[in-house]
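Novice: Here is how the chains run, residue by residue.
Protein chains: 2
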Amino acid sequence: MTKPLRLGIAGLGTVGAGVVSIIRKQAALLEARTGRSIEISAVSARSRSKDRGVNLSSYAWEDDPVALASRDDVDVFVELMGGEDGPAKAATEAALALGKDVITANKAMLAMHGQSMALAAEEKGCALKYEAAVAGGIPVIKALGEGLAGNEITRVMGVMNGSCNYILTRMEDAGLPYADVFAEADGLGYLEADPQLDVGGIDAAHKLALLSSLAFGTQVNFAGIELEGIERVSIEDIHAAADMGYKIKLLGVAQMTGRGLEQRMQPCLVPDTSPLAQLTGGTNMIVLEGDAVGQIVLRGAGAGAGPTASAVLSDVCDIARGYRGPAFGQPAATLTEATPALSQRPAAYYLRMALTDKPGALAKVAAVLGDSGVSINRMRQYGHEDSTAPVLIVTHKTTRADIDHALAAFANTAVVAGDPVALRIEEV
Amino acid sequence: MTKPLRLGIAGLGTVGAGVVSIIRKQAALLEARTGRSIEISAVSARSRSKDRGVNLSSYAWEDDPVALASRDDVDVFVELMGGEDGPAKAATEAALALGKDVITANKAMLAMHGQSMALAAEEKGCALKYEAAVAGGIPVIKALGEGLAGNEITRVMGVMNGSCNYILTRMEDAGLPYADVFAEADGLGYLEADPQLDVGGIDAAHKLALLSSLAFGTQVNFAGIELEGIERVSIEDIHAAADMGYKIKLLGVAQMTGRGLEQRMQPCLVPDTSPLAQLTGGTNMIVLEGDAVGQIVLRGAGAGAGPTASAVLSDVCDIARGYRGPAFGQPAATLTEATPALSQRPAAYYLRMALTDKPGALAKVAAVLGDSGVSINRMRQYGHEDSTAPVLIVTHKTTRADIDHALAAFANTAVVAGDPVALRIEEV
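Sequence order for the protein chains is A and B.
Here my numbering is used: position 23 in the first sequence is 23, and no number is missing along the way.
Whatever position you read off the second sequence (first residue = 1), add 1000 for my numbering.
With the rest of the complex left out, here is chain A (with noise of 0.2 Å):
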């Protein structure tokens, strides 16, 4: 008989109560699939006396997660507390030095300190694995590391942060602007304790820094994607998007270019007819591109106990089955450091301003576009409003830069009220 395989958890929120329960409840499939039994030694959290709803009395306690990770009898550390540094830090760093495999869900964490603890635990002959980290239930981080293995990774997309998708589909649904859903969503307990986590796109970027890594062979570089949160989004573009035949997502995207890693999580257009444009409420999809596979879609629920705990029960079973890959896909002494790269990528991009009710106005914004080396592919003027007309161009592919300068320019031909938008559209 095989040893059991015997866990310390730490953080017994509701991914941790989660991940209790079912190693409670499917205790026989779990051994019946694995061929060994699974046994958690000892938890860790905050408080000891809150009810989780999950019988905890037969689990030895720790009040330090450091004490937790460090026990003989934890095999494998399981981090579900969160937070970049602090004790999840500690913890996970304590367990690897020891020579502990780690299961953690932390994707702040990772996308500071993927690098030296993945070199740690590969020093030490342990596991470091994370498939909860990414888009919650989905088994992306295994689709891409193992799954497409044999694929030179091309592109790798995304929706990553339910709460984002939840907004921007309910301001949609409901016509309503986005102080007024965010309040909505933040009240139902959609957000996290720092909102600006969620809408500000960091924890979809956190995410993404850990796709890039595994896709491309490179070190976690968070601080290089190019991050832009869905504060900014107006109900007015959600409709004049629609207009077009248009979704806006906040749309992560890695792809690596002759200059560099190009890493983008901002607010994007996608054609109505896209997979990812269908997506609706809290559902996460990743779109993973190889050159031999082409493209796969993977769907599914994006947070949530059930989800969330599945996924680090995909990090157990392969643990309890001996599969300890290197954590990004290749040794981490192997990854190279990539250049982070502007996206100059031509593409095409939805313009919308408002132009002053003065004769000329459309020539003089179509003049600077011309001027900008910018074409225009589709464009539409709708009636006055007040003293102003909305107007909305689909560019043909351009750079970022032509943008830019167009951009600069409308501010000095006095038809242009306020400040215009400019979305990048995403060919998916």
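In case anyone wonders, no lab produced these hints; they're calculated from the structure.
Certain hints may be false.
[Unchecked claim] DSS-like mimics (lysine-lysine), calculated; alpha carbons at most 27 Å apart, straight line:
1) B/Lys1124 to A/Lys3
2) B/Lys1089 to B/Lys1124
3) B/Lys1003 to A/Lys124
4) A/Lys50 to A/Lys3
5) A/Lys50 to A/Lys89
6) B/Lys1025 to B/Lys1003
Given the structure is predicted, the values throughout are model-derived calculations rather than measurements.
Chain B: place on chain A using the hints.
Specialist: This is chain B only, laid out in the frame that chain A set:
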């Protein structure tokens, strides 16, 4: 330095040539990712002289795949010949008997001999892997067997035969009858040499049998699948279903019920708005549902050299990394023999029939349905065509037995012309 992993590849058709091509092109990448050099020792195919667009000169040649599988310089036997018996089976069994790892894309062989082959592999401690056998490039075997290993799987569902999906979507787009589109697809080389494997649903059912085993811990049971092909799907039904808000798909569904394992491969209606309905052309889609993860949807190319070779390479990389878990998610000796359960689970049904031009015809149909315990949700009667009028009915949830009772009773009413059509509406 770890020893190279040496492959023997039997079968050099589209997929085999694709595998050779990736191994040559991506040698450095594969070695970086797996820590081992992936080498081809020998190959085998029917014709040695045929030009396959890849350079085979550095590999030994074997006319006999059994001899290939038995070579001392072959660690992994890669079976890409196809055919449920014959040389594929003989060579696979020879490889397993010698304790060699096996990778196969052969769904027909595994659907028939998967259990005995898995037992043979596990007895020798070697791998029997088949990612390429189901849904081409979509890493569904890995997602189900590893990514969702912490779940009790509740349902597996999907469109698994690209040729059938091509035919059905082409019928709808072009408004052409089945026979015309079948001939067109056959002319384009989209169908197997024996087209019945595709349009009869057999190929898709082979795949479903493998997914069921992996999902439910049961022995592969192809014979237990309720099987109906797409030959009887008419353009009239496609139009009528669209009119009621549905698409017709050749849908595989596997579900464990109180009475046993329900496995169906048959044309079904799915709501227009579901991801399955939006699948066009040769693309595949698999829907996996688990008690913890909820619903995961995977989409990608179901066939072709690149996608299928990508799946084979996933297995190669797994073996190179030492990931050799049991073929069907748990040791073959522990798989249960599931009782096949006929689909008596209630479902809504779509009915289409032609009513003769007689007073009270519709009343008789309604009476028959009522007497059979079938309750009507929606009904449409269209204007008369010649002497009959088309009638479409969507029922409330009912059993197949009640539907069959009604169908039999229609024959005695003398108001229903020809055979009525009854198709299940699948909840997705």
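Novice: So, against the hints stated earlier in the document, which numbers end up violated here?
Specialist: 4
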